[in-house]
Each structure stands twice: as C-alpha cells, then as structure tokens.
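*Asks:* Below, each chain spelled out in residue letters.
Number of protein chains: 2
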Amino acid sequence: MRLTVSFLPSHRLPVGLDPAAATAIVVDVLRATSVMSAALASGARRFVTFESVEAARQWAAGEADHRQRPLLCGERHCQPIDGFDLGNSPAEYTVSKVQNRTLAMTTTNGTRALAAAANFQHVVAASFLNLSAVAQRIRDRTAVHVLCAGTDGAITGEDVLLAGALAARCRDRQGATLENDEARLAAELWRAGCGSATGGELAERVAERLADSQGGRNLQRVGMGDDIRRCSQVDSVAVVPTVIAREPIMLSEEESLA
Amino acid sequence: MRLTVSFLPSHRLPVGLDPAAATAIVVDVLRATSVMSAALASGARRFVTFESVEAARQWAAGEADHRQRPLLCGERHCQPIDGFDLGNSPAEYTVSKVQNRTLAMTTTNGTRALAAAANFQHVVAASFLNLSAVAQRIRDRTAVHVLCAGTDGAITGEDVLLAGALAARCRDRQGATLENDEARLAAELWRAGCGSATGGELAERVAERLADSQGGRNLQRVGMGDDIRRCSQVDSVAVVPTVIAREPIMLSEEESLA
Chain H
6 MRLTVSFLPS HRLPVGLDPA AATAIVVDVL RATSVMSAAL ASGARRFVTF
56 ESVEAARQWA AGEADHRQRP LLCGERHCQP IDGFDLGNSP AEYTVSKVQN
106 RTLAMTTTNG TRALAAAANF QHVVAASFLN LSAVAQRIRD RTAVHVLCAG
156 TDGAITGEDV LLAGALAARC RDRQGATLEN DEARLAAELW RAGCGSATGG
206 ELAERVAERL ADSQGGRNLQ RVGMGDDIRR CSQVDSVAVV PTVIAREPIM
256 LSEEESLA
Chain Y
6 MRLTVSFLPS HRLPVGLDPA AATAIVVDVL RATSVMSAAL ASGARRFVTF
56 ESVEAARQWA AGEADHRQRP LLCGERHCQP IDGFDLGNSP AEYTVSKVQN
106 RTLAMTTTNG TRALAAAANF QHVVAASFLN LSAVAQRIRD RTAVHVLCAG
156 TDGAITGEDV LLAGALAARC RDRQGATLEN DEARLAAELW RAGCGSATGG
206 ELAERVAERL ADSQGGRNLQ RVGMGDDIRR CSQVDSVAVV PTVIAREPIM
256 LSEEESLA
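Residue numbers (the numbering used here), protein chains in the order written: chain H, 6 to 263; chain Y, 6 to 263.
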C-alpha cells in the first residue's frame, strides 16, 4: 500500500497519485465524519450531502412524497440550522431518531472535502470512532489518500491527528509506505502524542489533543465541548461510511446499496 | 508576540493577522534561504530575486553597465542553470566568490514564498544557519508569521521543522502565543524530533530529519546530499537576510541599505 495525506482539500494531489485507481479517506473529526460514523452505527440508512442549506432543503422536499421524509441535519458556524431536525453533535444521532432514516446533511467543511474526493475510485469517511474499521476496510488497497477537511481553508490539528493515526497504523501493521511529507509528518505527530497509548488512556490522549486543536477551541467557545469527548471514543463503532453515489454524494454503510 | 505559521505560500492568511502590521519569516530550508544566509555571511552585498530565469538575466544585463556586474545564481529542479555563475548550494557562496557582490537569484519555491510575503510590514529569511539570529531580530515584534515555501505546492517537512523551531523558541523563551494549528503542530514536531538536543547533537538530529524530508530526498536523488549537512549547521551564521525593496524584491543584511 502507498499512502499519502493532504492536510487541506485545496492541496494539489501528490505527484504520482491516480485518483481513479485510489481510495480516498475523508476526515472531518469535529464533527461531520464522526456524526456519519455514529449515525450509521445507530442504524441510519444513508447520508446525502449538500454544499448549501437550500440545496439540502430542496432535495429533501422532493423526496418527501414517495417515502418517509429525509431528516435535515448539519451545521453552520458550529450551530444547528433553523428548521433542521438534527445538528452536528454525534450524541444526537440515537437509534430512536435515525434508524432506517435518510439524512440530508450540509456542513461547511466536511461536505467540501467529500466534493474534493469526487474523482477517486472509492471514498470512505473516517473518524476516531471507526478508526479500526476503516483500517480493516482498506487493508488490501494499493493506493490510499487521506483527505483532511480543515476549517475554512486552514489546517486543523484534529484532522491531522487522525490522518497520522491512519498513516502510522497502515505503515506499522500493513507495511504501507508513506509517500509524501504530509503523511510522514502526520504519523510523527500521532506517534509523539498518542502512539503508545491504548484503551481508555488512548481516548483520553485523543480528547486532550482535540481540545487543544482549532476545531476543539471553536466548539468549546460555543459551549459544545462535550462533543470533543464523544468524538474521541476510539473504535466505539464498527461501520464505515462509504460513498455509494456521486450526484448528489450519498454515503451508506452498505457498499452495495446503490 | 502572536505567532502563526503557514505550511504553504498559497494558504489563506490566518484569521486576525494584519500583514501590514506583521513580520513575515520566509523559510525555504533546502535551499534558498540557507543560501541567502550563507552568502550574506560571506559578505555578499545583496540578493535581488526573480521568478523567472529570463527576468534575472535581463535585470543583471541592465545593471552591468554602471557597476560590477551582478552574479547570476539559483536553480531549476535542484540543478544549476546554464550560463549562471552559481547554483543553489550554500557551500558555493564563499567569501572569494561573493564578497561585496550583488546576486541576481531565481529559485522555484523560495522566490515564490518571498512574493507571497510582499505585503508584510517586515520580511526576513530564515534557515537553520541563522535560527538564533532571526529569533533575536524579531524578539520585540507583536505579530510574526512564518511562511514555508514548500515544493511545487506540496508541504515539505524541512520547512515545517524550521517553522517549529522558531515557534517553539518564541513560545518558550519569549512568551509568544501560537495562534493557529499550523504553529502548534510545527512546534510539536520540533519538540518531538529535536527539542531536547543542543550543539553537535542538534545539528545531527536536524540533518537526519532533513534527509528524510521530501526536499532532502530530492537532493539525494540528484547527488546533492552534501547540501543537507551544510543546511543543518544550526546557528553557524549571525546574519538576517532582510527585504529592503519590493520591486524587484531585494534582501540585504543591512536593514538601512534601501
């Protein structure tokens, strides 16, 4: 396996990477890809993602006629959106609320990162919640590119940390070569901050790092610091949100749903 | 002091940073800013930088009439340029070759990073060679932004390492606050890799890290691995290349030359 990392969706693809023959792992730890992991683990049927609030509303309205209506979910500036069913906190996505439901989602950075991965052969979404499940899913792939969402065009530490966890694990357990400096730097940061920890200590270390990151600071500022601990629960779910359709972008646990 | 870092010149400036009231530190460890540090320490009068080979040639031709002709220097794809006087290896910039000379320079990434810093109040160039001299120069500034050159639009570990050295030093010795995740991540990488070393051991650790970076790999591939050791000689010179004019961009040790 050859593994590369981009710290931002806007970065040029690494030299030699052919997206048509590669798997993209989209990372938006705080909080879009954590929400996707939690919701699919709670039995949600699928996510359909949109760049704008209006596009999400329109699509959901069009679907309402012929099946149970989609739930509108997501955030703007970390806050729930007026008239939407759910915000962007993983804890909201309980079985009673989302089982078998379609979720029409719009978030600022996560949606943009998914769009940047549009031309990859396979696309999955990773969070700390499903770290091992993602590593297991990609174990036989030859080219893997981890795409960090960042925040409004700025690199964020929480996404780099998960990229490093994925890079270090693929290198150490599956013999992957880290093919660009972003992959090597991320793996080094993971090793330095969390590499030797396991179990509850690992979740604790991850939570400390997330609280110190830009995304974590933003959440604490608006009173949503509890989400940091929820998004730090390493390997708490076994699902892998996987892109099953492209226009609009849909993700589901089942690769064969589309 | 509030300190921020950009891992690439193309990144958006951090929120809240006003370049007109800030100092930019341009970093291209392998090798443009190391060459500038070495050459000014060898008594070179000034650098004048150009984005293209042709622009450097034309400017040098125009200057040839009324003073000692400028020396043409720089690289393309790590290699010396046909017909130029000097390449991009710091070891070439000896006293006998460059003392009192004007150097018309073009390099791929370093020149681009200087251009990206054009609207900052003050601009200096940093390398491991002049790390302490730069830290000393900026000690009373209130806003400092470290701008990494990268390579062809990709983040490179050698530039991030020096950004981290500057960020960690300003934080630990001058009470600077690190204001974005790029600054915090860089400081963490420096601490993890080199933070506790001093003297010869520090230069050794820096050289190991540079050899493992993308820039270091590129140099070793074209047989220029010796430059890595030369560019790792922490605090071997006391000069600070400083932008003294903007069109074209000129740098000199003397802030008052312009």
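One thing to keep in mind: the hints can contain errors.
Claimed, not checked - Looking from chain Y toward chain H, a few residues come up when the C-beta cut is under 10 Å (computed):
| hint | residue |
| --- | --- |
| 1 | 124 |
| 2 | 166 |
| 3 | 187 |
| 4 | 249 |
Said to hold, decoys possible - Ranges of calculated distance between the beta carbons of each label pair, as one might list FRET restraints:
| hint | chain 1 | residue 1 | chain 2 | residue 2 | range |
| --- | --- | --- | --- | --- | --- |
| 5 | H | 124 | Y | 21 | 27 to 37 Å |
| 6 | H | 217 | Y | 234 | 44 to 54 Å |
| 7 | Y | 15 | H | 147 | 24 to 34 Å |
| 8 | Y | 88 | H | 217 | 48 to 58 Å |
| 9 | Y | 23 | H | 227 | 17 to 27 Å |
| 10 | H | 252 | Y | 158 | 23 to 33 Å |
| 11 | Y | 101 | H | 145 | 51 to 61 Å |
Unchecked claim - To be clear about the criterion: a stretch of chain H counts as covered by chain Y if any three or more of its residues have a C-beta under 8 Å from a C-beta of chain Y, and this derived list gives those stretches:
| hint | region |
| --- | --- |
| 12 | 14-28 |
| 13 | 103-115 |
Please keep in mind that the hints were generated in silico from the structure rather than gathered at the bench.
Beta carbons: idealized from backbone N, C-alpha and C, even for Gly.
*Asks:* For every hint, state whether the structure bears it out.
*Replies:* How the hints compare with the structure:
no.	hint	verdict
1	124	violated (18 Å)
2	166	holds (9 Å)
3	187	holds (5 Å)
4	249	violated (31 Å)
5	H:124 <-> Y:21: 27 to 37 Å	holds (35 Å)
6	H:217 <-> Y:234: 44 to 54 Å	violated (35 Å)
7	Y:15 <-> H:147: 24 to 34 Å	holds (29 Å)
8	Y:88 <-> H:217: 48 to 58 Å	holds (52 Å)
9	Y:23 <-> H:227: 17 to 27 Å	holds (25 Å)
10	H:252 <-> Y:158: 23 to 33 Å	holds (28 Å)
11	Y:101 <-> H:145: 51 to 61 Å	holds (59 Å)
12	14-28	holds (count 5)
13	103-115	violated (count 0)
Consistency with the previously given hints fails for numbers 1, 4, 6 and 13, ordered from lowest to highest.
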